[in-house]
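4 protein chains.
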Amino acid sequence: MAKRKLGIAVVGIGGAVGTTMAAGVELLRQNAIDTTGLPLAGFDELADCTEIEFAGWDLFDSDLATAAEGHEVLTLKQFAAVQRALGEKRPWPAIADSRFLSNIAGTNVISLSRVRDAVEQVRADIREFRAQCDAVCVVNLASTETLTEADNSKFASLEAFEKAIDANAADISPAMLYAYAAIAEGAPYANFTPSLSADIPALVEFAEQNKVPVAGKDGKTGQTFIKTVLAPALRSRALHVDGWYSTNILGNRDGLALSDDGSLASKVKTKSSVLDDVLGYEVEDHIVDIRYYRPRGDNKEAWDNIDISGFLGQRMQIKVNFLCRDSILAAPLAIEIARCLDLARERKEFGIQEQLSVFFKLPMTRADRPEHAFYLQEKMLLDWLNKA
Amino acid sequence: MAKRKLGIAVVGIGGAVGTTMAAGVELLRQNAIDTTGLPLAGFDELADCTEIEFAGWDLFDSDLATAAEGHEVLTLKQFAAVQRALGEKRPWPAIADSRFLSNIAGTNVISLSRVRDAVEQVRADIREFRAQCDAVCVVNLASTETLTEADNSKFASLEAFEKAIDANAADISPAMLYAYAAIAEGAPYANFTPSLSADIPALVEFAEQNKVPVAGKDGKTGQTFIKTVLAPALRSRALHVDGWYSTNILGNRDGLALSDDGSLASKVKTKSSVLDDVLGYEVEDHIVDIRYYRPRGDNKEAWDNIDISGFLGQRMQIKVNFLCRDSILAAPLAIEIARCLDLARERKEFGIQEQLSVFFKLPMTRADRPEHAFYLQEKMLLDWLNKA
Amino acid sequence: MAKRKLGIAVVGIGGAVGTTMAAGVELLRQNAIDTTGLPLAGFDELADCTEIEFAGWDLFDSDLATAAEGHEVLTLKQFAAVQRALGEKRPWPAIADSRFLSNIAGTNVISLSRVRDAVEQVRADIREFRAQCDAVCVVNLASTETLTEADNSKFASLEAFEKAIDANAADISPAMLYAYAAIAEGAPYANFTPSLSADIPALVEFAEQNKVPVAGKDGKTGQTFIKTVLAPALRSRALHVDGWYSTNILGNRDGLALSDDGSLASKVKTKSSVLDDVLGYEVEDHIVDIRYYRPRGDNKEAWDNIDISGFLGQRMQIKVNFLCRDSILAAPLAIEIARCLDLARERKEFGIQEQLSVFFKLPMTRADRPEHAFYLQEKMLLDWLNKA
Amino acid sequence: MAKRKLGIAVVGIGGAVGTTMAAGVELLRQNAIDTTGLPLAGFDELADCTEIEFAGWDLFDSDLATAAEGHEVLTLKQFAAVQRALGEKRPWPAIADSRFLSNIAGTNVISLSRVRDAVEQVRADIREFRAQCDAVCVVNLASTETLTEADNSKFASLEAFEKAIDANAADISPAMLYAYAAIAEGAPYANFTPSLSADIPALVEFAEQNKVPVAGKDGKTGQTFIKTVLAPALRSRALHVDGWYSTNILGNRDGLALSDDGSLASKVKTKSSVLDDVLGYEVEDHIVDIRYYRPRGDNKEAWDNIDISGFLGQRMQIKVNFLCRDSILAAPLAIEIARCLDLARERKEFGIQEQLSVFFKLPMTRADRPEHAFYLQEKMLLDWLNKA
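Protein chains in written order, with my numbering: chain X, 563 to 950; chain W, 563 to 950; chain U, 563 to 950; chain H, 563 to 950.
These are computed hints drawn from the structure, not numbers from a lab. Take these hints with a grain of salt, some might be off.
[Unchecked claim] Capping the alpha-carbon separation at 20 Å, the derived lysine to any residue pairs in SDA-like fashion look like this:
1. W:K941 x X:L841
2. W:K910 x W:Q683
3. W:K639 x U:K910
4. H:K941 x U:L796
5. U:K639 x W:F641
6. X:K651 x X:E615
7. X:K773 x X:A697
8. H:K639 x U:G875
9. W:K941 x X:D945
10. X:K941 x W:N772
11. U:K941 x H:L938
12. W:K881 x X:E615
13. H:K639 x U:M878
14. U:K773 x U:K941
15. H:K639 x X:A643
16. X:K639 x H:K639
17. H:K881 x U:L796
18. H:K941 x U:L938
19. W:K639 x U:Q645
20. X:K949 x W:S798
21. W:K639 x U:A643
22. W:K881 x H:D851
23. W:K651 x W:Q683
24. X:K881 x W:Q645
25. W:K639 x U:A642
26. U:K639 x W:S798
27. U:K639 x W:L796
28. X:K639 x H:L938
29. U:K639 x W:L938
30. H:K941 x U:M878
[Stated by the list, open to error] Per label pair, the in silico range of CB-to-CB distance:
31. W:E844 x X:A667: 42 to 52 Å
32. H:D838 x U:D838: 28 to 38 Å
33. X:E724 x W:E844: 54 to 64 Å
From the three backbone atoms N, C-alpha and C, an ideal C-beta is built for every residue, glycine too.
Work out the full structure: start from the sequences and follow the hints.
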């Protein structure tokens with residue numbers, strides 16, 4: 563394993579995924595778990611998982627042990643094993659803006675009276691953290707922000723974006739500000755959420771100019787992962803998809819955020835874009851539902867019904883019911899993304915890291931059209947990892 | 563499309579799959595259906611689907627229209643459109659041996675009093691059919707034969723096998739005799755069933771010696787298709803498979819044959835071998851059930867429950883319910899296999915055609931270990947088709 | 563069987579359910595089907611099913627054979643058998659009001675320039691039909707109307723309602739006008755839809771005054787049927803329902819109507835009221851989704867996920883997937899309802915017929931609170947049918 | 563609540579169900595859980611749940627805390643709360659007979675060299691336990707015994723049975739010996755397993771003669787519970803069941819026992835008898851599969867597929883997937899059965915207690931034919947409980 567101490571600064575470190583990442587690395591350090599769930603465990607050029615340090619911002623100031631206890635992701639034994647280590651970490655104040663996140667209100671906040679000052683505060687946090695590590699990546703795991711009718715001209719160039727920051731423009735979201743701060747500090751940045759962030763022209767320009775690797779967006783964990791595995795196979799067998807109905811029930815903080823219509827729109831958008839692209843034709847009846855449903859907590863459930871036609875035009879159905887654990891699927895992918903971005907930095911490959919597409923529902927790409935088919939994405943990543 | 567008239571001689575032509583193949587080609591000729599379900603529709607080097615002729619053997623002597631009506635696979639409109647064309651075709655008498663197929667008894671049979679004579683009869687059928695076509699392939703779609711405790715030394719070399727035929731040996735199955743006859747006549751041969759057939763050393767030797775392409779075995783249509791699509795993806799995400807329970811209910815003639823324990827054993831064997839191979843470790847709780855259940859007729863149903871562990875060793879479940887139509891999935895694959903074998907013959911590539919692995923549950927290979935992962939199999943086939 | 567010719571006048575006779583009712587009775591007459599699906603087939607006091615005549619109103623003027631063909635509910639053989647009989651029937655013009663039904667626009671309409679005149683037209687249709695039968699019932703099977711913010715005072719008494727009709731009031735829905743006309747003509751009336759209709763005080767008053775049996779509302783066919791069967795059993799075992807997520811996909815004209823938000827609200831309301839009532843406590847996470855999804859046509863599908871707690875507070879899940887046929891379930895119930903209303907009329911039992919609760923999602927009752935538990939409802943009906 | 567201390571002597575007290583019963587009562591005593599899962603919590607004439615004492619026999623001599631830990635049914639917090647109380651209880655040696663239970667071998671055994679002596683030992687255990695309580699019931703929760711080809715004449719009368727005991731007859735099973743001992747001691751007896759036990763004529767005769775209430779057999783917990791709830795509803799709607807496929811996967815000690823063919827036969831037999839009886843006709847395609855599948859442990863899963871025909875003979879499907887917890891469902895029912903038997907004893911009602919049918923897959927009855935429909939069974943029980 564590469565000998566460097568990688569710091570991961572998480573936006574939303576106190577959430578279910580953030581605390582699971584921190585707990586998982588601590589349990590790996592203690593040899594209490596194996597590397598199940600970490601797809602790139604065997605690649606030595608990446609930073610060693612047990613050398614990773616965590617820090618981050620959160621709207622709630624609970625220490626990470628308290629936060630983890632509330633999310634009920636860890637078993638009682640796992641919680642006991644990490645309680646001390648996580649209890650020592652407390653989130654930095656976070657940027658709060660109720661225009662972008664209405665259902666979640668915390669008190670551990672950076673004042674937004676002057677946007678530029680908020681950015682400077684985030685930059686200072688990153689710098690301070692980097693002083694304790696060999697390198698730092700920033701990963702956005704905050705609740706999904708609402709889709710707004712923004713004035714896109716502000717996002718069209720770095721120059722316009724800088725001016726908008728200085729003018730305290732209301733339509734710049736927290737997710738964009740964190741991305742901006744990370745790039746400004748030369749810290750590789752990944753957006754694991756559906757929020758609009760580094761995927762605006764201004765920030766892509768900034769990442770290239772400042773030589774910073776960036777990747778996103780929206781981690782491909784459960785239903786969309788299965789969708790991008792199955793859909794290419796149906797295409798391979800020349801089975802025509804007549805309709806695909808996907809519904810999701812989830813009850814964690816992520817679900818609560820999504821019970822806001824605007825946030826839901828962001829999420830549904832990244833989930834919906836996939837299918838037509840993989841199949842090569844428009845599926846007229848592709849429906850994606852997401853409902854906040856509390857009995858299951860962090861244990862997300864997806865139910866997919868797929869209507870297909872085969873030979874002689876005859877109809878068949880496939881139903882997939884995935885009883886998954888949101889944070890258990892997301893946390894290791896977020897770790898792998900950070901390790902890959904760190905490797906890209908080492909290899910001096912900057913800007914959009916398209917080879918990380920396999921980790922995202924809506925991959926950022928240099929070209930117009932992302933690859934969504936899982937096996938092609940995976941090949942892209944493995945080829946990159948295996949190159950001399 | 564390649565301009566040659568391909569004849570497909572089907573063992574079990576009167577079955578649900580055989581009649582669906584014949585009806586499908588007729589409907590394509592009439593432009594009544596499109597090429598949905600035919601994965602290789604776009605490859606011009608293959609024989610044109612609308613130029614295919616069908617013939618074959620069956621234990622029942624009904625003409626193909628009568629047989630198709632009984633299987634209830636075609637819609638009434640489709641049946642009406644093909645009734646005349648199929649009504650003109652009547653199966654040749656078939657080799658019947660109740661030691662290998664106890665639940666199905668037909669009357670359209672070739673005497674087995676002397677095995678060599680039966681083989682000669684099958685060879686004569688093939689020769690006569692070839693006189694009407696540019697080329698002939700033989701595809702085995704007969705009901706699954708029982709697994710027997712055979713004296714394997716008879717199958718170990720062509721010489722031993724020839725002697726066993728001449729000695730009227732009881733443990734040579736009908737499936738082997740058809741394969742032998744096809745190879746003897748230089749007709750490419752595919753085994754779409756789980757029965758032991760061209761996959762014995764004697765017949766592989768014969769195929770190489772006589773310069774005949776062969777492929778098999780057991781068409782990968784429903785549940786195993788899904789399994790070889792999903793399992794590699796779970797491996798890619800480092801999700802550990804703790805158990806995989808697969809059950810199937812089906813009510814067609816294939817199902818009736820499988821209600822015999824010996825035939826069931828054949829089938830379960832080809833379905834079971836897949837998973838450990840794809841994952842790279844042994845799944846201790848991999849269970850495959852197949853039950854004869856009549857209400858659904860040809861509309862097979864599979865239910866899979868997959869138990870997986872992810873990060874922190876935590877448990878999740880995936881359930882897949884495939885309401886499929888057996889013959890609708892199988893018929894176009896059997897057509898594509900025949901077209902590929904015909905192309906192999908044209909290209910003078912003989913013996914085992916490993917590049918057809920994507921079509922089979924238990925692919926015949928030259929090397930020890932077959933590839934089961936769907937996307938790797940598909941790549942192998944596409945590379946072969948696309949080579950100059 | 564009781565010897566009388568029962569006429570059923572259907573609002574929406576050209577729909578999938580209406581045409582299935584007419585086809586079913588014709589097939590029974592021809593002895594082409596048995597009484598499967600007709601729960602009260604053995605009760606001789608009811609009008610004989612084979613003596614039933616159909617007529618009705620529809621926004622589309624296609625004859626019933628043409629309409630039935632479009633709905634694709636009948637098999638080709640069944641369609642051929644009823645084509646002549648159904649082809650002779652053509653719907654009367656219907657009351658159209660786009661304020662209550664925005665997604666469906668037909669041309670076979672009664673002018674609403676004067677509401678009173680429209681009512682008189684409907685009454686004349688009923689009178690004319692009754693001249694050909696021994697008795698007539700009216701059943702509402704029209705598409706679900708939108709829930710409006712009506713001025714309820716107009717519906718509070720018969721007097722106010724009559725005035726509102728004469729004043730051409732905009733918030734009186736077509737469903738109410740048909741119910742009013744039926745009651746005015748002394749024809750028993752049932753509302754098989756979720757629309758607001760005979761369940762307003764004005765019309766209940768009218769039914770009692772005019773001695774007319776009425777029943778409703780919203781036929782209990784698929785998901786809610788299962789819900790009112792399972793939920794009482796969970797209560798009986800003292801299993802606590804923590805959440806119940808119900809989703810539905812359907813693609814027929816009913817589904818299209820429900821893709822309008824207002825109509826959807828009507829439907830979800832009748833589906834939602836059931837659970838808390840049966841269980842005796844409020845299920846906080848009871849969610850009902852209904853989505854218009856075309857690939858399945860009339861073949862509705864429901865998926866329910868039920869989260870329950872048992873002994874020691876431990877969690878379990880039940881999932882029910884109902885692949886049902888909307889019209890196949892609804893048509894026989896609508897027939898049975900009409901036969902029961904006809905019997906109530908014979909027995910001189912007027913006003914709300916609470917004993918028909920088993921057929922409805924939201925039963926009309928004399929008392930405040932309907933019984934929803936299926937077996938208690940059924941007992942009520944059987945006791946009524948069996949009384950001397 | 564009735565003021566008496568009820569002792570429950572459990573055959574198989576160290577199993578998952580037995581330890582869950584004991585833990586549950588202890589947690590109720592501690593007020594750590596509520597009465598969720600206990601259907602008869604509100605009936606004051608029954609013995610108070612918090613006054614119940616447990617004892618019993620087991621092939622393994624671990625104390626109940628150690629046994630409970632191994633079954634992983636309790637949460638860690640629940641285990642901690644009951645560890646001391648359960649740790650003080652250790653099972654009496656049990657009757658072991660490998661002819662009836664081949665897959666489970668324990669060391670805490672009563673010698674069977676003389677059957678009569680074994681019976682006397684069990685009787686002495688019961689007497690000693692009763693000395694500490696106001697009354698004692700015996701409940702059989704041992705692993706399912708294999709079905710044997712017994713000489714039924716030995717079971718036909720009490721006299722023959724007594725002789726067989728004295729003759730050390732090999733075909734008398736442990737389950738029968740426990741039932742005999744309980745009845746001999748005047749202790750009410752329930753058989754919660756599918757094993758042949760008190761349901762032989764000899765023991766029914768003994769129970770009546772000795773004035774002892776008995777009930778059985780095979781607790782109706784998961785799949786069969788759902789089946790007897792749904793099937794009557796399908797009958798009520800005149801929907802015809804064309805086939806019912808039930809499969810079960812379970813991984814606890816009960817599952818291991820069932821992986822023996824003979825035990826499996828016992829279990830499948832009690833599960834299968836239900837359906838035809840409820841529907842009133844023979845379902846030709848009723849299949850019940852049970853498979854030992856370890857990843858889920860005590861978390862049993864059932865998957866049912868039901869094929870039904872409705873009006874016009876058209877086909878529909880219902881699929882039910884029950885992710886249940888075997889012991890969580892079984893333990894409270896076993897407690898309720900014991901409390902009801904105790905009440906029967908108080909009320910001086912002896913012999914077969916048919917009113918407990920709701921708790922059993924194959925209810926013992928005085929008449930020929932048991933009632934299987936859940937709501938009719940429940941009514942029978944409630945009527946009995948509510949009678950003055």
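Structure-based check of each hint:
1. A C-alpha spacing of about 17 Å is found between W:K941 and X:L841, which places the hinted pair at or below 20 Å, so the restraint holds.
2. The hinted pair formed by W:K910 and W:Q683 fails the criterion: a straight-line CA distance of about 27 Å is larger than 20 Å.
3. Proposed proximity of W:K639 and U:K910 is contradicted: the alpha carbons are some 51 Å apart, above 20 Å.
4. For the proposed pair H:K941 and U:L796, the alpha carbon gap of about 15 Å is at most 20 Å, so the pair holds.
5. Note on U:K639 and W:F641: the hinted pairing holds, with a Cα-Cα distance of about 13 Å set against a maximum of 20 Å.
6. Under the criterion of a C-alpha separation no larger than 20 Å, the hint pairing X:K651 with X:E615 is consistent with the structure, at around 11 Å.
7. With a C-alpha separation of about 14 Å, the suggested pairing of X:K773 with X:A697 holds against the 20 Å cut-off.
8. Of the pairs offered as hints, the one joining H:K639 and U:G875 holds, with about 12 Å between alpha carbons and a cut-off of 20 Å not exceeded.
9. As the CA atoms of W:K941 and X:D945 are separated by approximately 16 Å, the hinted pair is consistent with the 20 Å bound.
10. Among the hinted pairs, X:K941 with W:N772 is inconsistent with the structure: their alpha-carbon atoms are about 39 Å apart, more than 20 Å.
11. Taking the CA atoms of U:K941 and H:L938, the gap is near 11 Å; set against the 20 Å cutoff, the hint holds.
12. A distance of roughly 37 Å separates the Cα atoms of W:K881 and X:E615; the hinted pair therefore is violated under the 20 Å criterion.
13. A C-alpha spacing of about 19 Å is found between H:K639 and U:M878, which places the hinted pair at or below 20 Å, so the restraint holds.
14. Annotation: proposed proximity of U:K773 to U:K941 is violated, straight-line Cα distance about 25 Å (limit 20 Å).
15. Pair hint H:K639 plus X:A643 holds up; C-alpha atoms about 16 Å apart against a cutoff of 20 Å.
16. A distance of roughly 11 Å separates the Cα atoms of X:K639 and H:K639; the hinted pair therefore holds under the 20 Å criterion.
17. A threshold of 20 Å between alpha carbons decides the hint, and for H:K881 with U:L796 the separation of about 18 Å falls inside it, so the pair holds.
18. As the CA atoms of H:K941 and U:L938 are separated by approximately 11 Å, the hinted pair is consistent with the 20 Å bound.
19. For the suggested pair W:K639 and U:Q645, the alpha carbons sit about 17 Å apart, so the restraint of at most 20 Å is met.
20. Distance restraint check for X:K949 and W:S798: the Cα-Cα separation of roughly 19 Å lies within the 20 Å cut-off, and the hinted pair is therefore satisfied.
21. At most 20 Å may separate the alpha-carbon atoms for a hinted pair to count; W:K639 and U:A643 meet this at roughly 16 Å.
22. Distance check on the hinted pair: W:K881 and H:D851 sit about 18 Å apart at the alpha-carbon level, within 20 Å; holds.
23. In summary, the hint linking W:K651 to W:Q683 is supported, as the alpha carbons are separated by about 19 Å, within the 20 Å threshold.
24. Under the criterion of a C-alpha separation no larger than 20 Å, the hint pairing X:K881 with W:Q645 is inconsistent with the structure, at around 34 Å.
25. Restraint check for W:K639 and U:A642: satisfied, since their Cα atoms lie roughly 13 Å apart, inside the 20 Å limit.
26. The straight-line distance between the Cα atoms of U:K639 and W:S798 is roughly 50 Å, outside the 20 Å bound, and the hint therefore fails.
27. A hinted pair counts as satisfied when its Cα atoms are at most 20 Å apart, and U:K639 with W:L796 does not qualify at roughly 47 Å.
28. A C-alpha spacing of about 46 Å is found between X:K639 and H:L938, which places the hinted pair above 20 Å, so the restraint is violated.
29. Of the pairs offered as hints, the one joining U:K639 and W:L938 is violated, with about 46 Å between alpha carbons and a cut-off of 20 Å exceeded.
30. The hinted pair formed by H:K941 and U:M878 fails the criterion: a straight-line CA distance of about 26 Å is larger than 20 Å.
31. For W:E844 paired with X:A667, a C-beta distance near 51 Å keeps the hint of 42 to 52 Å intact.
32. As the Cβ distance of H:D838 to U:D838 is approximately 36 Å, the hint placing it in 28 to 38 Å holds.
33. Checked against the hint of 54 to 64 Å, the pair X:E724 and W:E844 passes, with Cβ atoms roughly 58 Å apart.
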